[in-house]
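In order, the protein sequence lines correspond to chains A and B. Counting in UniProt numbering, the first sequence runs from 1 upward without gaps. Counting in UniProt numbering, the second sequence runs from 1 upward without gaps.
The hints are simulated quantities; they were obtained by calculation from the structure and are not laboratory data. These numbers were taken from a predicted model, which means no experiment stands behind them. Each residue gets a CB set at the ideal place from its N, CA and C atoms; glycine is no exception. One thing to keep in mind: the hints can contain errors.
Quick list of the computed label-pair ranges, beta carbon to beta carbon [claimed, not checked]:
(1) A:638 to B:142: 44 to 52 Å
(2) A:628 to B:646: 41 to 49 Å
(3) B:649 to A:679: 42 to 50 Å
(4) B:417 to A:160: 54 to 62 Å
(5) B:649 to A:7: 52 to 60 Å
(6) B:649 to A:482: 31 to 39 Å
(7) B:215 to A:31: 55 to 63 Å
(8) A:65 to B:214: 49 to 57 Å
(9) A:535 to B:363: 58 to 66 Å
(10) A:363 to B:65: 50 to 58 Å
Number of protein chains: 2
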Amino acid sequence: MIVSALLTSVGINFGLCVLYFTLYSILRKQPGNIHVYAPRLVAEGKSQKKTHFNIDRLLPSTGWVKRAWTLTEDEIMSVSGLDGVVFLRIITFSLKIFAFAGVVGTFILLPINYFGDQLSISDFSDLTKKSLDSFSISNVNNGSKRLWVHFCAVYALTGYVCFLLYHEYKYISSKRIASFCASELRPDQFTILVRGRSSSMESPFSDGVESFFTEYYASSYLSHFVVHRTSKLQGHISDAKKLYKKLTQLRSSNEGRHKFQRDGFLGLFGRKVDLVDNCEKKLEHLEENVRMGQSDSSLSGQEVSAAFVSFKSRVAAAIALHFQQSNDPTEWITEQAPEPRDVYWPFFSASFVQRWLWKFVVIVASTLLTLLFLIPVIFVQGLANLNQLETYLPFLKAVLTITIVTDLITGYLPSLILQLFLSFIPPIMKTFSSMQGYISHSEIEKSACSKVLLFTIWNIFFANTLSGSAFSLFNILLEPKNIIYRLAVAVPAQASFFISYVVTSGWTSLSSELFRMKPLVFDYINCSKIADEDFEAPSISYHSKIPKILFFGLLGITYFFLAPLILPFLLAYYCLGYIIYRNQILNVYVPKYETGGKFWPIVHSSTIFSLVLMQALAIGIFGLKKLPLAAGFTVPLLPITLLFNEYCRKRFLPIFKAYSLESLIKKDRDGENDPRMADFLDELVTAYKDPALKPVQYSRNTNEHSAPLLGEA
Amino acid sequence: MIVSALLTSVGINFGLCVLYFTLYSILRKQPGNIHVYAPRLVAEGKSQKKTHFNIDRLLPSTGWVKRAWTLTEDEIMSVSGLDGVVFLRIITFSLKIFAFAGVVGTFILLPINYFGDQLSISDFSDLTKKSLDSFSISNVNNGSKRLWVHFCAVYALTGYVCFLLYHEYKYISSKRIASFCASELRPDQFTILVRGRSSSMESPFSDGVESFFTEYYASSYLSHFVVHRTSKLQGHISDAKKLYKKLTQLRSSNEGRHKFQRDGFLGLFGRKVDLVDNCEKKLEHLEENVRMGQSDSSLSGQEVSAAFVSFKSRVAAAIALHFQQSNDPTEWITEQAPEPRDVYWPFFSASFVQRWLWKFVVIVASTLLTLLFLIPVIFVQGLANLNQLETYLPFLKAVLTITIVTDLITGYLPSLILQLFLSFIPPIMKTFSSMQGYISHSEIEKSACSKVLLFTIWNIFFANTLSGSAFSLFNILLEPKNIIYRLAVAVPAQASFFISYVVTSGWTSLSSELFRMKPLVFDYINCSKIADEDFEAPSISYHSKIPKILFFGLLGITYFFLAPLILPFLLAYYCLGYIIYRNQILNVYVPKYETGGKFWPIVHSSTIFSLVLMQALAIGIFGLKKLPLAAGFTVPLLPITLLFNEYCRKRFLPIFKAYSLESLIKKDRDGENDPRMADFLDELVTAYKDPALKPVQYSRNTNEHSAPLLGEA
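Just chain A, same shape as in the assembly (with noise of 0.2 Å):
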């Protein structure tokens, strides 16, 4: 790819990002878009309607920008939990990153490379017709002492990384602590899941674990829930759902608003009160067929051998969660308890063997779709390479002969379809997790979040770096003594694609994440709008958000010295996710779940796998560039690198993973002056009742809109 190519993309996305921009700041402003623009708000009653019609809502202002920039951690906090500020210092942390790395790479490296002559002479006559190879560490004269500058930037790039890795780990570790401490009474705390029934246990479940518990936790056991397997009321209550959806749209067109719309359709065979009074009858017929299932112990579904079992104290929870139970350690595993909101239902319906055979095909699938995406990722290639687009499509020589087509189709085209492909993927890899047996929507969407940053890494990253066709890229693994240097190769060659990469799939991406194209035309569609009480403000999807911003941090890392021109672009990437994502948060998402910040131990371990590979591909350039002076001295900083790595999981990990005693003891004794304890463990014996077994209450109250929106995970 040449200079002007790259400016066709850049051109290209900026203008759509401008373009972006200008309508949010136009669009957000109209009292219609409340719901798509400030869902958040709307769902938390904050929303104040402007009816008002001003010029000032047709111009575009940067009031927004300022809101976001001036957010303070604490209000973040407010909103979205500790989850929230974790993403959020993700982009921070890469954002600090980048600053070091950009100033180095363009100041230092970036003339560096341009000055050196092994691929051209340096000049800057037509520059804009220059490969962009002359930019990256390919251009630097072989032997070159030069090369030196790029080895001690590496050296200094891993020490500042390593150095904000464990400050951040630090920071994070302490506020997951002091949020904990000061964190409401919350169920999940003082509750475990208990699995595996006993053998010998001849009476059922529920009685099994009653007398467990009162032997072996004699002071300290309060109740149990038995977990019931309810796909079939699920499915009822869920009709249900949908049943009184239709309905309150139908009564709100009857009522004068939006009549126009969809009823229309029906309205022409049949009157629209028989349609409503239908409406009601079938509700009625359903919520009282759920009713008889939860009165019934034979329809409420089977006993599932898994119970939550409440404890009177924090302690005596964790103690419960950290023994094995019995003689037999598949009997009476523990596990923590998630939040009563975040429990995923629907695993409790597969048995035991469901879901072990599950966990199989979710890995056979897994590999699978890796596989099988090679070849959308060879097709993007092609693309890439005109040259052999041209012999496989001779008919298409014509058409590539105009200069801005051909920039269009290496530019910006390979990255647009890349991008098509992987937007797929979050989703396929969240369906693989929740079928893999976890029991929270917390458990999945971080389990999501790792397969789909392996996918992103592997797919994007490695395929199309280490080859054009997967034949030969099992070749390579198969041989791995020469893996190093084949990377060494390949990676920089692809530097233009993964520029163009980054402006493509990441600016663009950023832009449309602000202006939510998709939520703004579903709402103009669909114009029954439902009650702001009804209304469910999205949440962030972190599994999606998390891998793409770890991806283009390991593409800097990796690129820092190969090619610095990438820098630049992926400072303004995280610029522009600084400003959107604090927007997002403060005004679209509404958190699902409340993990405490477990994500950032992925992001932790990425960000190391990234300079591991960056000191990989140091040892094998200075190598071939015949310095093996400078790759020999890279060595060491790999075993140093995962010796820090090793320290950290020593250090923080375990922090993530379970409360300290100490922690656990204070948070006790404080409750124990705590006058709402009583009706908390009060509230604790239902607390983890199946929403499907709880009273289902649509069709009386449905003018009223304050039906309980139950039947959720």
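Based on these hints, arrange chain B on the given structure of chain A.
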């Protein structure tokens, strides 16, 4: 190797065995040898010294074989604890495997191999000149339908071994729990080791421990004992002990016995009385030093930030063990305390940084040892392949034409040399493990056991089969795709070497274990007998014996279908081992510690590895033998075996890590009514006092032979 060479080797070793057995049968009956052949009985004071002479004493007898044969498991348990039981069960377990494998191999597979004619026409003329290869699978014709018998045998053995593994694991788990339930009051059940000073802690470590545990374990905390760095004191004490031994020898020689030895040399230069007096004065001076060191806190060694913390109940100790105590996971790290006699005190003398450094030094040293060990292996390999030897050392040609020399060199010498080199490995590995930071002798031996096993498998099995030269071995490792086929070619070719190895290394080492050559010689040289009360019986060194037994198991399982000729020899080995080790445990060894069967998981993993290796070889062999269908159908065995292993890890391994709440509470409740409990808790306070800090008293009561033998560790 041809049959006659094998027969030579078998003949020599069989002769040696018979010789050793006969000598043992006679020598064990001589009263003078009681310290060599029944040290356990001597140490326990159960030996009755027969001084009257009769002719029976000079005739070999088999009474001891009968006694060993009729030994019950309860007796073994009482004599050498669960570890002894587990050790003997490894042999019975192997016997069960090879009884089955031997029958299948010798009566089904061996004839099939022999009647193939891939390598040579099957006839019975001059059997002794036949190559041993004609008994291996290599002799079966390519693509022959008979290979399906081998295929079935692989499946049958896998199923049978997995069945045995499961039942054995289950049996030993239940034994472990039962022995815990039946155990006496033991200090280690009530104690944990706490390490890691808090950075915020200003006061001495002892005060910090006291205040932390009284605050957070108010009801159950009993006492603690801070460890001191006592290497200097330990040095003094061991000097005193040596001097005391010398003094005893001098005294006993003065009393008229054994005058003629060693000290006679000193008698040339001075009066004997002077010598004793001199020694006594020295000893008193040393003891004075020790006492001064103990009383003076500045001399008794720096406080180490490690303390043994004792609790009033087992459950409390276990809770403290399982919990992360402080918000900083690197503070108050808890670990199960070993038995007081099992503590490895020198470990505490090393500082944290020293231990950290040693850990890496040990890893590097182990790797180096593994690499350098290839040199003797290559040499041994050269001997086995006589042709190579003749090329390198042409002057030997004349000698090598004599049949018996050739047979000796190819059949016996290689194994003997290998065995000699190998005998250095267990002590070296134990030294490595002791540097690695384990706090108890049992942990050190367990770690050394794994190290020796890995070393043996790698150096004896892989290095011998895969190559003659280290260089090509690494090449193979770097090309993993060919590794199975390479192995499938190389492993059957080495069958004859391993058969000879079983006979030489296995049989002879077993009978020399019975004969106890080294202690016998030492006993004769060093005639100054120490008193029975001071006599220390040797402990069984599991880390050198278990890997050997397991390695023969690996050989047997992998060669089961490749060269079944090895099986009868292995069966003989295990039968010998069964009798000999039962006898030795009954008469010779006294356990130094009790791990409660923690060696079994190593046996399990090793057997699973053998199975997987056999299956991989089967896939390779069936592929080479042009029976791809059989190779394909063998593939599923691999994941099935690994899944089985995974299940066993889940089901049984946690039992070997910690005791369950159920059994701890039951044991505690039993203890509540125990009248000895109060006394025990009093003793517990000082149970973990460093032996170097306990009073030393050698000088005054040297005549009474009741000096406390302290400062062992």
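Exercise. Okay, which hints does this one fail, numbers in order?
Worked result: Violated: none.
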